[in-house]
Amino acid sequence: MQYTFIALVENKPGVLNRVASLFRRRNFNIESLAVGRTEKPEVSRMTMVVDCPNGDMDAHKIEANLYKLVNVIDVQDVSRQPSVTRDLALIKVKAAPERRAEVNSLASIFRARIVDVATDSVIVEVTGTEEKIEGMVELLRPLGIMEMVRTGQIAMTRGANAGIRRMPGMEDNGYEYDLEAAEMLP
Amino acid sequence: MKKTGAEIMWECLVREGVEVVFGYPGGANMPIYDAMLNYPIHHVLVRHEQGGAHMADGYARASGKVGVAMGTSGPGATNLVTGIATAMMDSSPVVFITGQVAAHLIGGDAFQEIDVTGITLPITKHNYLVTRADEIAEVVREAFYIARSGRPGPVLIDICKNAQIEQTEFIYPEEVKLLGYQPPARAPQHDLEKAVRLIEKAKRPVILCGHGVIVSGAEEALLHFATKTQTPVASTLLGLGAFPASHPLALGMMGMHGEAHTNLAIQNSDLILAFGMRFDDRVTGNLKTYAPKAKKIHVEIDPSEVHKNVHVDLPLVGDLKNVVSDLVPMVDEYDHDEWLNEINGWKSEADERSIMNWPEDGKLYVAHLVHDLWKATGGGAIITTDVGQHQMWTAQYYALEKPNRWITSGGSGTMGFGLPSAIGAWFANKDQEIWAIAGDGGFQMTAAELTTAVQEGANVKVAIMNNNFLGMVRQWQEFFFEKRYSAVNMVSPDFVKLADAHGVPARRITTREEVDEAIQWARQTPGPVVLEFRVEKEDAVYPMVPAGASLDQMMRRPVRQ
Numbered sequence: 011m012q013y014t015f016i017a018l019v020e021n022k023p024g025v026l027n028r029v030a031s032l033f034r035r036r037n038f039n040i041e042s043l044a045v046g047r048t049e050k051p052e053v054s055r056m057t058m059v060v061d062c063p064n065g066d067m068d069a070h071k072i073e074a075n076l077y078k079l080v081n082v083i084d085v086q087d088v089s090r091q092p093s094v095t096r097d098l099a100l101i102k103v104k105a106a107p108e109r110r111a112e113v114n115s116l117a118s119i120f121r122a123r124i125v126d127v128a129t130d131s132v133i134v135e136v137t138g139t140e141e142k143i144e145g146m147v148e149l150l151r152p153l154g155i156m157e158m159v160r161t162g163q164i165a166m167t168r169g170a171n172a173g174i175r176r177m178p179g180m181e182d183n184g185y186e187y188d189l190e191a192a193e194m195l196p
Numbered sequence: 016m017k018k019t020g021a022e023i024m025w026e027c028l029v030r031e032g033v034e035v036v037f038g039y040p041g042g043a044n045m046p047i048y049d050a051m052l053n054y055p056i057h058h059v060l061v062r063h064e065q066g067g068a069h070m071a072d073g074y075a076r077a078s079g080k081v082g083v084a085m086g087t088s089g090p091g092a093t094n095l096v097t098g099i100a101t102a103m104m105d106s107s108p109v110v111f112i113t114g115q116v117a118a119h120l121i122g123g124d125a126f127q128e129i130d131v132t133g134i135t136l137p138i139t140k141h142n143y144l145v146t147r148a149d150e151i152a153e154v155v156r157e158a159f160y161i162a163r164s165g166r167p168g169p170v171l172i173d174i175c176k177n178a179q180i181e182q183t184e185f186i187y188p189e190e191v192k193l194l195g196y197q198p199p200a201r202a203p204q205h206d207l208e209k210a211v212r213l214i215e216k217a218k219r220p221v222i223l224c225g226h227g228v229i230v231s232g233a234e235e236a237l238l239h240f241a242t243k244t245q246t247p248v249a250s251t252l253l254g255l256g257a258f259p260a261s262h263p264l265a266l267g268m269m270g271m272h273g274e275a276h277t278n279l280a281i282q283n284s285d286l287i288l289a290f291g292m293r294f295d296d297r298v299t300g301n302l303k304t305y306a307p308k309a310k311k312i313h314v315e316i317d318p319s320e321v322h323k324n325v326h327v328d329l330p331l332v333g334d335l336k337n338v339v340s341d342l343v344p345m346v347d348e349y350d351h352d353e354w355l356n357e358i359n360g361w362k363s364e365a366d367e368r369s370i371m372n373w374p375e376d377g378k379l380y381v382a383h384l385v386h387d388l389w390k391a392t393g394g395g396a397i398i399t400t401d402v403g404q405h406q407m408w409t410a411q412y413y414a415l416e417k418p419n420r421w422i423t424s425g426g427s428g429t430m431g432f433g434l435p436s437a438i439g440a441w442f443a444n445k446d447q448e449i450w451a452i453a454g455d456g457g458f459q460m461t462a463a464e465l466t467t468a469v470q471e472g473a474n475v476k477v478a479i480m481n482n483n484f485l486g487m488v489r490q491w492q493e494f495f496f497e498k499r500y501s502a503v504n505m506v507s508p509d510f511v512k513l514a515d516a517h518g519v520p521a522r523r524i525t526t527r528e529e530v531d532e533a534i535q536w537a538r539q540t541p542g543p544v545v546l547e548f549r550v551e552k553e554d555a556v557y558p559m560v561p562a563g564a565s566l567d568q569m570m571r572r573p574v575r576q
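Chains as they are written, first to last, in the working numbering: chain A, 11 to 196; chain B, 16 to 576.
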C-alpha cells in the first residue's frame with residue numbers, strides 16, 4: 011500500500027542524505043521523493059511516497075524513525091487526508107509534422123501543454139495526479155516515447171485539514187490502541 | 016575577544032564540565048592539540064583510536080556523564096568507527112571530535128581525507144561537519160546536549176583544519192535551539208490509566224528491565240513499582256545492576272544465556288512490562304512464539320523502538336523515570352504468591368544443574384572464577400568485559416546490586432572492549448575497584464592499551480580467561496556445526512611475560528586453590544595488574560537458547576553425576 015508523507019526538515023547541507031540513508035538502512039521502499047524550499051528559508055519540505063506492505067505499522071515506523079533525525083521538524087501522513095497531490099512530467103514523443111495534431115489533441119484532453127517542437131519530436135508537459143499522468147503516458151506510448159522525466163509527487167492538505175501525526179504517546183496521535191479488544195482475549 | 020576555532024572548542028569543552036579526553040593527534044587536528052596545552056583538561060594518549068573510543072564510552076557508562084574521544088582525519092577517524100558503533104548500539108553518550116582537511120580541499124581526495132560524516136551517519140545519533148570557526152561554539156553545545164538527552168548516543172564533530180586555525184569572536188550560546196528534536200518526557204495520562212487497567216488484571220506479570228532503567232536513573236522507581244505490585248524483574252544484559260540481584264523479586268538475566276526460570280517466567284507470563292529495553296533477538300528468541308499469552312506494555316523513550324520487533328498492546332512513550340514514577344501511586348498493592356512460587360519451582364529445578372554445585376574436579380571454570388571474584392570484591396567492583404563466553408558467565412555469576420558498575424558491549428558485541436573501557440571507567444571513579452574480564456581473543460584485540468594504563472597509572476585489574484580458543488565461536492561450532500572447529504584455535508603470547516614487558520605485575524593461575532590468593536594479591540598491588548587464568552578449554556555457556564529457537568527451548572547444562 012502506498013503512503014504519502016510530508017516532512018519538514020531543516021534546510022541544511024546533508025539532510026537529504028540523512029533521510030535517504032535512513033530509508034535504505036531501515037529497508038523502506040521509496041517510490042518517489044521530492045524536495046524543495048518552503049515559505050521559510052530555514053525549512054525545506056519533502057514529499058515522500060513510500061510502499062508500506064504492512065500498512066499503518068510501517069507508516070508508524072517511518073514516522074518514528076524520521077523523528078530520530080535531529081534535523082527533522084515535523085512529519086505528517088497525508089495518504090488518506092483530503093489533499094492536493096501533483097506530479098509533473100516532461101515527455102518527449104516521436105511526432106513527425108503529420109502526427110503533431112494528434113499529439114496536440116491528446117494533450118488538450120489532459121490539459122497538458124506542448125512546450126517544445128522539433129522536426130520529428132515534441133515535448134509534452136503534463137501536471138496532475140499520478141493516475142492522470144499514467145493515463146497520459148499510456149495514450150502517448152503507441153506514438154513512441156523517446157524520453158520521460160517526472161518530478162515525483164508533491165502534496166498539500168486541503169483547507170484546515172492536517173495529516174496524521176502517528177507518534178505514540180502524543181495526546182492526539184491519531185493512533186488507536188485497540189485495548190478493549192486486547193482485554194477481551196482469553 | 017577573538018579566539019581561534021581550536022581555543023573555542025576547548026573553551027566549550029571546559030564549560031561542558033569535561034575533565035578528560037581520550038585521543039590521538041595527527042596532521043588534521045594539530046591546532047586542537049596545540050591549543051589544548053592552555054586548558055585544564057587531561058588528555059590520555061591512547062595506542063589506537065578504537066581504544067580511545069571505548070575508554071570514552073567506559074567513562075560515560077561509569078559516570079553517567081558525556082565521554083569525549085578524539086582522532087585525526089582519515090585513518091584516525093576510521094579507527095574510531097567500531098567504538099562509535101558500540102556506543103550507538105548501547106545508547107552511550109560520547110562526543111567524538113575528529114580533525115578534517117581544510118574546507119577548500121574537501122572532495123579532492125587530499126592526504127588523509129575521508130568522508131567521516133558520511134561514514135558515521137548511520138552509527139551516530141547526529142554528526143556535524145564544521146567548516147568555519149564561528150560554527151564551533153554552537154555545534155559543540157548542541158552535540159553535548161544531543162548526546163546526553165533523550166535516548167543518549169554518540170555525536171561526532173568533524174572539524175576542518177582551517178576552522179581550527181581561523182580566529183573569530185567567541186560567543187557562548189547559553190541556550191540550545193533546535194527546530195526539531197524534542198525527546199518525549201512523560202506518557203499521557205490516558206495511556207497511564209490504560210496501563211493500570213492491564214496491571215490490575217494480570218495474574219502472572221513480569222518486568223523486563225533494560226538499560227533504559229539505568230540511563231534514565233529509574234532504579235528507585237522500579238524498586239517501588241516492583242515491590243508494590245509484587246512483580247518479578249528479569250534483566251537484559253545491559254539492565255543488570257538496575258535491580259538488586261539479591262532481591263527476592265530478582266530473576267536475573269533473560270534471553271539466549273538467561274536463567275531457565277527467567278525465560279520460563281517470560282514465556283508463561285500474562286503481562287510483560289518492558290522497561291527501557293528493545294526486544295533484541297538475543298532476548299526474545301523466536302518472535303512467533305515469544306510470550307504468547309502476555310499482554311505487553313512497552314515503556315520507552317524512543318518511539319522507533321515501539322512495535323519494532325514485538326508488537327505491543329500499549330506503548331508508554333516517555334522518560335522511563337517519569338513514567339514509572341507516575342505509575343507507582345496509580346497502581347494498587349498486589350500479591351502474586353502463586354505466580355512467584357511457580358517461578359521458584361523452576362528455579363530450584365535449575366539449581367540442580369548449576370555449575371556452582373559441581374564437585375571440584377581439578378579444572379578451572381570461568382563460572383567458578385567469577386563467583387570467587389564476586390566474593391572477594393564483595394560484589395562491589397566495576398566490572399568491564401569483552402565479548403563472548405566469559406562475558407556471559409560474568410553476567411550470570413557476578414551478581415550486581417547497583418547500577419553503573421557493569422560495563423559491557425551488548426548490542427554490538429565488540430571484542431576488545433574490556434580493557435579500554437575499564438581504563439575509561441577508572442577516570443570516572445578513581446577510588447573504585449575496577450576489573451576488566453576478557454578472553455584470550457578479545458584481550459589481544461586492544462592489548463596495546465595496557466601501555467596506556469601504565470602511562471596513566473590506571474588502577475585496573477585485568478583477568479584474562481585463557482582457554483586457547485575463541486570460546487563462544489567454538490561453542491557454536493560444537494553445538495551447531497558438528498564440532499568442526501574452524502579458525503578458533505588460538506596461540507597466544509605468554510601473557511605474564513607480555514605484562515612484564517609493559518612493566519605490569521602479572522601471575523598465571525592454573526588451579527582453583529590459587530584463585531583467591533591471586534585475586535587478593537592483585538587487589539593489593541597498586542596500578543594495573545594482569546591475571547592469566549588457564550581455564551577449561553571446552554566448557555560451554557548454559558543454558559542456551561539456540562538462535563531463532565523459542566525462548567523456552569533451552570539447551571541445559573547436563574546434570575553431572
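No lab work stands behind these hints, which were simulated from the structure alone. Keep in mind that a hint or two might mislead.
[Claimed, not checked] Ranges of calculated distance between the beta carbons of each label pair, as one might list FRET restraints:
#1 A:31 / B:571: 54 to 62 Å
#2 A:168 / B:301: 44 to 52 Å
#3 A:51 / B:117: 48 to 56 Å
#4 A:168 / B:201: 47 to 55 Å
#5 A:51 / B:200: 39 to 47 Å
[Said to hold, decoys possible] Covered, in the sense of this in silico footprint (three residues per stretch, anywhere, with C-beta under 8 Å from a C-beta of chain A), are these stretches of chain B:
#6 139-147
#7 315-321
#8 414-426
[Claimed, not checked] Beyond 12 Å from chain A on every Cβ pair, some chain B residues (computed):
#9 78
#10 132
#11 136
#12 166
#13 168
#14 346
#15 390
#16 536
Where a beta carbon is used, it is the ideal one built from N, C-alpha and C, also for glycine.
For each hint, the structure was consulted:
The beta-carbon spacing between residue 31 of chain A and residue 571 of chain B, approximately 44 Å, falls outside the hinted interval of 54 to 62 Å. A hinted range of 44 to 52 Å holds for the C-beta pair residue 168 of chain A and residue 301 of chain B, which are about 46 Å apart. A hinted range of 48 to 56 Å is violated for the C-beta pair residue 51 of chain A and residue 117 of chain B, which are about 28 Å apart. A beta carbon spacing of about 34 Å between residue 168 of chain A and residue 201 of chain B contradicts the range 47 to 55 Å that was offered as a hint.
Roughly 30 Å separates the CB atoms of residue 51 of chain A and residue 200 of chain B, a value that falls outside the hinted 39 to 47 Å. Counting residues of the segment 139-147 of chain B whose beta carbon lies closer than 8 Å to any beta carbon of chain A gives 3, which reaches the threshold of three, so the coverage claim holds. By the rule of at least three residues with a Cβ nearer than 8 Å to a Cβ of chain A, the coverage given for the segment 315-321 of chain B holds, with 4 such residues. Given a C-beta distance limit of less than 8 Å, the hint that chain A covers the segment 414-426 of chain B is violated, as 0 residues qualify and 3 are needed.
The Cβ of residue 78 of chain B sits about 24 Å from the closest Cβ of chain A, beyond the 12 Å cut-off, so the non-interface label holds. Remark: the non-interface label on residue 132 of chain B conflicts with the geometry, its nearest Cβ contact in chain A lying 7 Å away (cut-off 12 Å). With a cut of 12 Å on Cβ distances, residue 136 of chain B falls inside the contact zone with chain A, its closest approach being about 5 Å. Residue placement check: residue 166 of chain B does not keep its beta carbon more than 12 Å from all beta carbons of chain A (closest about 9 Å).
Not every beta carbon of chain A lies more than 12 Å from that of residue 168 of chain B, the smallest distance being close to 10 Å; the non-interface claim is violated. The beta carbon of residue 346 of chain B sits about 17 Å from the closest Cβ of chain A, which is more than 12 Å, so the claim that it is off the interface holds. Distance check for residue 390 of chain B against chain A: the nearest CB is about 43 Å away, which clears 12 Å, and the non-interface claim stands. Non-interface call for residue 536 of chain B relative to chain A: holds, since the shortest CB-CB distance, roughly 49 Å, exceeds 12 Å.
In summary, the structure is inconsistent with hints 1, 3, 4, 5, 8, 10, 11, 12, 13 from the numbered list given earlier, while agreeing with the others.
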